[in-house]
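Protein chains: 4
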Amino acid sequence: MSAAMTFGSDNHAGMAPEVLTALAEANVGHASGYGDDRWTEQAENLLGNAFGDAAFALCLTGTGSNVVALSLALRGWESVLTAKGAHIDLDEAGAPEHIIGSKLETIATPDGRLTPELLDAALRAREQHHVVQRVVSITQSTECGTAYTPAAVQAIADWAHAHELLLHVDGARLCNAAATNRCGLGEVAPGADLISFGLTKNGAMGAEIVVAINPSLRAPIQNARKQATQLQSKMRFVAAQVTALLTDDRWLNHATHANAMALRLADGIGNAAGVSIIHPVEANAVFAVLPAARISALAEKHHFYIWDAPTNLARLMTAWDTSPAEVDQLVADIVAG
Amino acid sequence: MSAAMTFGSDNHAGMAPEVLTALAEANVGHASGYGDDRWTEQAENLLGNAFGDAAFALCLTGTGSNVVALSLALRGWESVLTAKGAHIDLDEAGAPEHIIGSKLETIATPDGRLTPELLDAALRAREQHHVVQRVVSITQSTECGTAYTPAAVQAIADWAHAHELLLHVDGARLCNAAATNRCGLGEVAPGADLISFGLTKNGAMGAEIVVAINPSLRAPIQNARKQATQLQSKMRFVAAQVTALLTDDRWLNHATHANAMALRLADGIGNAAGVSIIHPVEANAVFAVLPAARISALAEKHHFYIWDAPTNLARLMTAWDTSPAEVDQLVADIVAG
Amino acid sequence: MSAAMTFGSDNHAGMAPEVLTALAEANVGHASGYGDDRWTEQAENLLGNAFGDAAFALCLTGTGSNVVALSLALRGWESVLTAKGAHIDLDEAGAPEHIIGSKLETIATPDGRLTPELLDAALRAREQHHVVQRVVSITQSTECGTAYTPAAVQAIADWAHAHELLLHVDGARLCNAAATNRCGLGEVAPGADLISFGLTKNGAMGAEIVVAINPSLRAPIQNARKQATQLQSKMRFVAAQVTALLTDDRWLNHATHANAMALRLADGIGNAAGVSIIHPVEANAVFAVLPAARISALAEKHHFYIWDAPTNLARLMTAWDTSPAEVDQLVADIVAG
Amino acid sequence: MSAAMTFGSDNHAGMAPEVLTALAEANVGHASGYGDDRWTEQAENLLGNAFGDAAFALCLTGTGSNVVALSLALRGWESVLTAKGAHIDLDEAGAPEHIIGSKLETIATPDGRLTPELLDAALRAREQHHVVQRVVSITQSTECGTAYTPAAVQAIADWAHAHELLLHVDGARLCNAAATNRCGLGEVAPGADLISFGLTKNGAMGAEIVVAINPSLRAPIQNARKQATQLQSKMRFVAAQVTALLTDDRWLNHATHANAMALRLADGIGNAAGVSIIHPVEANAVFAVLPAARISALAEKHHFYIWDAPTNLARLMTAWDTSPAEVDQLVADIVAG
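Residue numbers (our numbering), protein chains in the order written: chain U, 261 to 597; chain S, 261 to 597; chain R, 261 to 597; chain F, 261 to 597.
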């Protein structure tokens, strides 16, 4: 499928114009490979401005950056506590278990968000028969389109640290969470030891960054990236994408726009007959039960996924380039009845 | 370092113009992610034309495509026979052993090339204490700048198959080998079961393709790619690079040019005082011992790597965009004395 | 703790007398290592009598035999469906994920038993983002002290095979299940492709056997065992244990006795005030809620585990050497009130 | 094969009498599993007397104890430097690479012994493309029947620590090395951070102990052992073997005897026609080139391995129970001509 616009995923969108421009501008002459270039230096400076003191590793895919980040924290006999259905649990083809060799322990959640209470119930005494629970991994914003408040993230970080665990944040959509919380990238995951910071869904071609905040986890970040197959030789082209989006708050404009389009959509259909919105709309996704008789036709026309067929649940995603007119057309088609 | 031109590596070069153009042309509207798009279909058709009947998986890095390819062939208790110093042995931070869990057994070679005789000497009887030797992996063209003839590859394939092993070809520079051998991509690694076909060094931004030729190895190629973190969401941008370079024999023009520049360089310095060329120049690299007194200054000016400092051995690499004038300047500086 | 007798675990019991005798009898002169000896040949003959045509690998621990068995069936991107809380999920310190590199997907069950219906609900469409579901692993008898009927196992095998999955049976207590079902070892897990057959809990010192029934899974069994660290050099001493217990139906006598002691215990306390038995008693374990005020004192005196403290749930296990008098004393102490 | 006596391997020997006695004595009543018993406490006390302050984990196989020990020291992107042909390299079916996920880098040696000079030549600068060299693993005594002096071990330990590496000692035959060096178990591998201490070849049925000396490596030893499948439930029977051999210097008597038998053999055949002894005889193995015309018949009669057929090299091993008469018969048969 390729179409004007779709509501299938924020990765159906292409590159933001400034990203393409940055690729063209970086394509001049020769540059050393593997990050020893001025584009990477510039990107890391901007990341430092955003996240503060940390080690950074530019990666290529979200699965890749999650694996690299988690590998910095885990020994083979240690485990990760995460929400059932989190990207690392369901949508990475088992890469975390396979590459890192560590068990994932999943916790059912109502809306993708873990809480200290849910974690308390999953905590086990440490003994030799069991894996050692070592990392809590949350997604900010979540796979359900919800976002943690910074205070909620801090509460999980405090819980983790009090129990000798570390906090990893899968931030494939960290920008959307920051826009929702009206705060900076460095403030939307307070207390995190590791962040997988994604820009691909924000308008990059493919740029995901491991942010190692906890000083004890930083040293092997380059070796871990290389071993996880995530080191691009012509790194300047990844770095240029990062710089393009972190300059002049473009990441924030894109995320704010995508979030606004999701709210516009939710507002438009929330009271329609046969429609019910499942989760709070706090990022760029709307999970909505749609009328059974029309959901298939709607999905075909507007290119969205039927998330759970038996319950007629659809996932409607907006992106940095979703237009109000397209949202309004989708609303009209849903409401039309 | 970023400079006009360098002799450090073929990945110091940027994108060929047609690749950048292709990225821009692919950046229109929305497209489904993960390969379900018309650009991927087009790229796979061109790959099919080049390699014949096979399964393809577009990947992002050379290490990634090697890991994906080898993972299709290996169980945990099986091993890979490869040349000592091959990329999978030395320059992938242990990714093959770590991600696949299989042992690499290395064989010393004079010039990067394995032979049936060298393999015979490494063959072991099968018994329970040992890994089961399962894959021979060769690099075409090699890390030493040499290339196998198709007949030499076929001889290794025959050896492998006669001993119940499979043949993997690391083709990060397969284009250069094909240009040298004046044959097509599908003819330069005859008998191979798996090829990692690289275009990054040929002018792409980052595009490496796993080619699964042996029918028994094809089925899980997509899951293996995803698990190895190599599945890009906005796949059309990888596919567009492949199409750009496989169209109108651009890959061949780039490789032929790079090879010619290496020969021009070798011809220019081969008879100079204090210079000796180590390996046959059959691709786009010249390994040359340079005068001890001047090697450092030359390396600094022309941005090449001193490969082995004690012996004053330099690696001089050319790329798709290396100009004759630059080669001539390097020759002049070396010969100058 | 070391005590006359306990209800803590069937592995608190020592060796059955015939096992010790067999060790002594095997301790004569020299024998080739690693299974090339007449004791191993004899043990494998007896295993063949019990299980029919299959490949066997004598191992040392239950976790070891589970890892070896599962490794025969799984590629890295494939997963195992198993009951939440199964030994491979909870009590093997993540060995399956770590050593095999494959994801475990757990399914909540009421009493440790999976069913085709539960499996149906866990089945996913195959696509590249997900692991490929490949093995169903059940425990016979279960960690809850329940046992599958042969028909129930066959139904799961049929389900698995109909969906292109394989069936693995963790038979750490297969003997108890066979005794309960009044059938042979080869009849208590019909349709299984792989069985981890345990004798340690049946009176061995340490002997667990991988049974590879599916012909397509047999070839690498010895390499898989060695790589999983489970190959003992002085194999005759493992084999002698197997022979001791498989001769003259000793395994059956031990299991029948242990099961009878569990039933005697359940019968004794089933109607006592404040006591409720949680799962059907179909093997050698009784899961019983005990009076809150006395459970700690009882656990201390009789050496059993409080399985779930908040609900006063105890696990009471019997072994091949549990005496009726000890059971009666435990019953008396529980009933005494 | 099972025979009166053989020269095939020290693991062809059975249990020393005191080991069998200890198994019988430990077989009384119930005991808690997994090491929470008085036999394990006693064994660990004796190990503490021998090795000083350390953490201990009783294991079942040599491959198992090597994997557990190395896993304590290594992250995935770190490597092991070891002698080519070391047990971990050749005879563990790839278990270290597979289970730990770390690369082994092998170094050719004349007689199984590494030296600081050999290690210097293998040392690489640290950078992101390579594995981080982290552990040196030596075998004491070696697979060639040679032994390091304590000073030689200390020199390697010093080299390792000076380069931020750790020292692991594969001590499957540590007892033989201690006997040769006339020192205690705690003195024969000075500076080691980790020791795999074997008793199986010394007269145990199967008992191998991980000794974690470096305090920073001790904490996860129990989880690492469990995850590597090496935790026996009925641990008292492993512990009893350890105690039996560490009591009254029985380990030393066994090793001294085996070493003496090897020397007796070497002395007997060293000057015979057509015989040449390859390595210094410093433990319980003699590597000897034997007359081509008779080597096969000798091997068949005396059950030893032809180590390298093209060169008529035999490995002749003695054990705790090898008798002088048997040695003399072997000598006579070799010398007879």
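Read the hints as simulated data drawn from the structure, not as lab findings.
Hints should not be assumed to be uniformly reliable.
What follows is a set of in silico ranges between Cβ atoms, one per label pair, in the way DEER data are often shown [what the hints assert, rightly or not]:
no., chain 1, residue 1, chain 2, residue 2, range
1, F, G597, R, G289, 17 to 23 Å
2, U, D371, R, D371, 29 to 35 Å
3, R, N531, F, A479, 29 to 35 Å
4, U, E301, F, T571, 37 to 43 Å
5, S, D508, R, R386, 36 to 42 Å
6, F, D380, S, S536, 53 to 59 Å
7, S, E447, R, G312, 24 to 30 Å
8, F, D380, S, V595, 54 to 60 Å
9, R, D371, U, K344, 34 to 40 Å
10, U, R442, S, T281, 35 to 41 Å
11, F, H423, R, L383, 37 to 43 Å
Using N, Cα and C, we set each Cβ at its ideal position, and we do this for glycine too.
- Structure-inconsistent hints, enumerated in ascending order: 1, 3, 4, 6, 7, 8, 9, 11
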